[in-house]
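A.B. asks: These protein sequences, in sequence, are chains A and B. Using UniProt numbering, the letters of the first sequence correspond one by one to residues 1 to 638. Using UniProt numbering, the letters of the second sequence correspond one by one to residues 1 to 638.
None of these hints come from the bench; they were simulated from the model. Possibly wrong hints are sitting among the right ones.
Put simply, identical chains are the same to the list, so a pair is met inside one copy or across any two.
Calculated pairs, EDC-like style, for lysine to aspartate or glutamate (alpha carbon to alpha carbon, straight line, at most 16 Å) [to be verified]:
1. 511 - 572
2. 310 - 600
3. 131 - 385
4. 27 - 72
5. 306 - 317
6. 136 - 48
On a predicted model such as this, the values are computed, not experimentally measured, just so you know.
Protein chains: 2
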Amino acid sequence: MNANPEFLAANAHVDEAAIKPLPNSRKVYVQGSRADIQVPMREISQSDTSASYGAEPNPPIYVYDCSGPYSDPAVSIDIREGLAGVRTPWIEGRGDTEVLSGLSSEFGNERLHNAELQSMRFPGLVRQPRKAIAGKNVTQMHYARQGIVTPEMEYVAIRENMRRQEYLESLKNSGPTGQKMFELMGRQHRGHSYGAALPETMTAEFVREEIARGRAIIPANINHPEIEPMIIGRNFLVKINANIGNSALGSSIQEEVEKMTWAIRWGGDTVMDLSTGKNIHETREWIIRNSPVPIGTVPIYQALEKVNGKAEDLTWEMFRDTLIEQAEQGVDYFTIHAGIRLAHVPLTANRMTGIVSRGGSIMAKWCLAHHQESFLYTHFEDICEIMKAYDVSFSLGDGLRPGSIYDANDDAQLAELKTLGELTQVAWKHDCQVMIEGPGHVPMQMIKENMDLQLDWCDEAPFYTLGPLTTDIAPGYDHITSAIGAAQIGWYGTAMLCYVTPKEHLGLPDKNDVKDGIMAYKVAAHAADLAKGHPGAQIRDNALSKARFEFRWEDQFNLGLDPDKAREFHDETLPKDSAKVAHFCSMCGPHFCSMKITQDVRDYAQAQGLSEQAALTKGMEVKAIEFVKQGSEIYSKA
Amino acid sequence: MNANPEFLAANAHVDEAAIKPLPNSRKVYVQGSRADIQVPMREISQSDTSASYGAEPNPPIYVYDCSGPYSDPAVSIDIREGLAGVRTPWIEGRGDTEVLSGLSSEFGNERLHNAELQSMRFPGLVRQPRKAIAGKNVTQMHYARQGIVTPEMEYVAIRENMRRQEYLESLKNSGPTGQKMFELMGRQHRGHSYGAALPETMTAEFVREEIARGRAIIPANINHPEIEPMIIGRNFLVKINANIGNSALGSSIQEEVEKMTWAIRWGGDTVMDLSTGKNIHETREWIIRNSPVPIGTVPIYQALEKVNGKAEDLTWEMFRDTLIEQAEQGVDYFTIHAGIRLAHVPLTANRMTGIVSRGGSIMAKWCLAHHQESFLYTHFEDICEIMKAYDVSFSLGDGLRPGSIYDANDDAQLAELKTLGELTQVAWKHDCQVMIEGPGHVPMQMIKENMDLQLDWCDEAPFYTLGPLTTDIAPGYDHITSAIGAAQIGWYGTAMLCYVTPKEHLGLPDKNDVKDGIMAYKVAAHAADLAKGHPGAQIRDNALSKARFEFRWEDQFNLGLDPDKAREFHDETLPKDSAKVAHFCSMCGPHFCSMKITQDVRDYAQAQGLSEQAALTKGMEVKAIEFVKQGSEIYSKA
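Just chain A, with the same shape it has in the complex (with noise of 0.2 Å):
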């Protein structure tokens, strides 16, 4: 059990565990078209191919890093002084936000001057928190819509491209087997993209279309510069959210940090901050001062805190404020459940497993209590004029989803799905961003009807799915059942998956949780982009593929999503530093390796004439191999 110890700011320091580089690994930026867009990725480098594989170089590959500055040697970090602010000069420059001179929230105020307080409070420069000037909107949404194209969009184009055509165009020059590394990386199978338009090569105006639609969002507060922009939307890669927060019973504000930082090490795009304890104010001032990813919250867990759990007695002036309060800390998107309504909550009635959702089961219960509308959904407008201010992103929160196979895709569920395509409507007459939550417990072959639904009810904009899990049977191993419905969702369209741990449904996530639950999606995010043909997904694969086969142990490891992991496995059989430059493994073993037979054929290919072979099965079509049906009729006894 985590303790709840003391937590002293003095003595907060960074994960040592999160500021590592990856092994062979290297941070480089790519500069956009001004000096302070400095693009983030991750090289990781290779050996040359050994000499009985064609001693050819493998040029390093470029991967998404989600990590920040952490995984960068040349940035010292002190969490006591939060990261630099990477944004401030775009967000100065557009001329539309003013610096308050102070918080606005009544909440806000009343923390910053309690005494008590004072030592668990984030030490750092204490910024005044920004705003949108009276009659602006400061929304990428409304940039977008007004034809402008913000260094955020210019930034998550280059981020989304990857270097991959500068890397493709690299091999080319990378030597005498140049040309044929070229198409050995280059090649991709056709995706099926269920109607996502993925482009060849991403652009910063294909960014700004997309978010103009409202298919696409940048979650990116004008009060957390830190962050390095990211995109969520059906026709960019999939990216996953993790989830971190205390509870009343356990866990300090260090241990959610570093959970933070754990989880963005290994590819977690977004955070969300759910922590339902004391000092929750506090907490989150340290994550977002952090964070260089996107922050998430659930306002209302918080709101509720302040009326000691009594759901009934929330009021929309105190949530209110709640939204302001964390709006100028630098929320990035705040999840509302303004879908339940009243009408929506006698149908949960006959449900297996009810309310599942806490904010769902919070807002249900304020209805019940009063007998009326929620306050979120009558007071959905009021919402959106703060969203604007600050440019929070709505994540319209899925307060009935299904908590079981027996609740999945139910009347409340697609109720509120269809109300949330109403609320976006009218968050986007805002220009506010939006993005969609869905569920939860649905069996494979109902996957696709909420991917389906929600493109059609709520006009495209992203989704951002729990799961979802496809069978109940399994706790402990949540982490599965959920990222085989991921993959599928992730696949149909779903823009981001908010990943699901093993400990779901039994205990609080730690640090080994968060990253297998991370492990766990951003292998269903992966597969799903490979599936939907995203450009250069393969790339990846390609390079481990052929490091595998010529027995490139280290580049193995290393190309993978978790060396640390891999490398562990592979020792325990095989502890010798000389078994990772060995050309076995411990499968077979050194006396027979399929692997290496693989050469064996290569030169009789050769020396048989492959290219008389290769003419007799070019065009050959899946449907009619004509040498087998050969080969079927002198089949014949030897």
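Following the hints, position chain B against chain A.
C.D. replies: This is chain B only, laid out in the frame that chain A set:
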């Protein structure tokens, strides 16, 4: 690293971890039409619902049980003696086999009379091998085609039904809430079966028809009377296989037996012994004599050992001797890579990862060295003669399966698959049971093509796939990359999923890895059963969800695939026993709990007249939720 310690048969002992019944579980047997048909199931008992949720009884549920007599406290296990031969009277009763006076294989006799092996040899009662009387065919397919319903067929029919009808009927009589329980537990979403024909209730006659048609197999060597019969076919529950086996580099006989008992404890439906080190004949004997599940092997592995790893020295004669040696030990299915023809080999020359199947590369090397057609192909009918004399099932190997995303569904793979389809017809001519092995590494959008071609070309012979792995970039997590693909291909129609452990590509799996692999695959198989709409598949999900909703923690753990893990995870955050009866969990804490709120909703719904609401929404179509539309129109700022 697992050493290869001196193994002494006299010291062999059953793994204590394998014989402990799972918590709140009891072995029950359902009797068939004769006294000696006793079909095992696991009964999981549950506690009553607490007063706050309605104080109703929750009758036990029944789940499929692969663990054999190990989990029956009434049976005393001594692995030095082996298991009882439950099928012996059935086999004898058919009167078409004879007990031989000795082993037919040269190698078998050599090992039997090698005094040096005495200390490690299985010490139990040495069974004289059994063989079909000359001219007889003893395959289950042969009986099925004669119209004979064997005890094995009846057994699997009972087993597949899992007492579903009896369970549901019993619910109705379980007190005042019986009808409600019947509806809650019995409800299941309509599946999408992709052409599978899943009968509402399994009958022995249906089993017979499926086997006669070649659409299902019961792997059941007459020399393996210890097995509890199981069936593999697209119209039955999706099964999983666990691979075990030592290599030249590690693990002992005791360890391999423990991996087998461990694998079946967690749900392995069959086990393949892929040993490649020394003493594989003796290891296999220990495994078979102690295994209640079918055992599969790849005989070419052992044949290769006999020629000291030199593939070109393999001959039909010594391969034939190996088949007979293993058939007389009781191996239930053989992977035979007869689909790799000489002409296919050059098709792999331009692959990223060449030939990754060990068996495939052995045969490719042989073909190249001799520039001859594979002897497995030319002697295929000779092999059939052996198979039908012992009822060993074919598992036609996919020696050219892709070892990388790059190589997925390529000409080499498909040429082999086509050949496997032709060989299926040949085997069926001999009434031999056949299943077809499948890939490998395949991105999601290309999985269905594999299934469709297999169904077409192999005329619905059961498909048995390794994964497929949906990306190459996650060494250390390939149980997950592949569970994603396995769930999908299982849904599309694959009958058995060969597990992949986290150690895939990296090292030999230990017991932890075996369990992790099995869990990922039990999840995939069950997700597939739900998606196909297998009758009754949802009962366990429903029961577990009800327990979860009612905070019956112990029941939630026990109904899951892995009660130990679920309990351990829960206790990490809330270790106190009291927490396991607490009506909250560590995610929300005692302060506020979403589950609790649903009770309020139910009370409210009742007070508001749920019946009206229900009437309002009854027949509500997904595409047109009227009251939501209405909500849209009345939307206005409050």
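A.B. asks: Check the structure against each numbered hint from earlier and tell me which ones fail, lowest number first.
C.D. replies: 6
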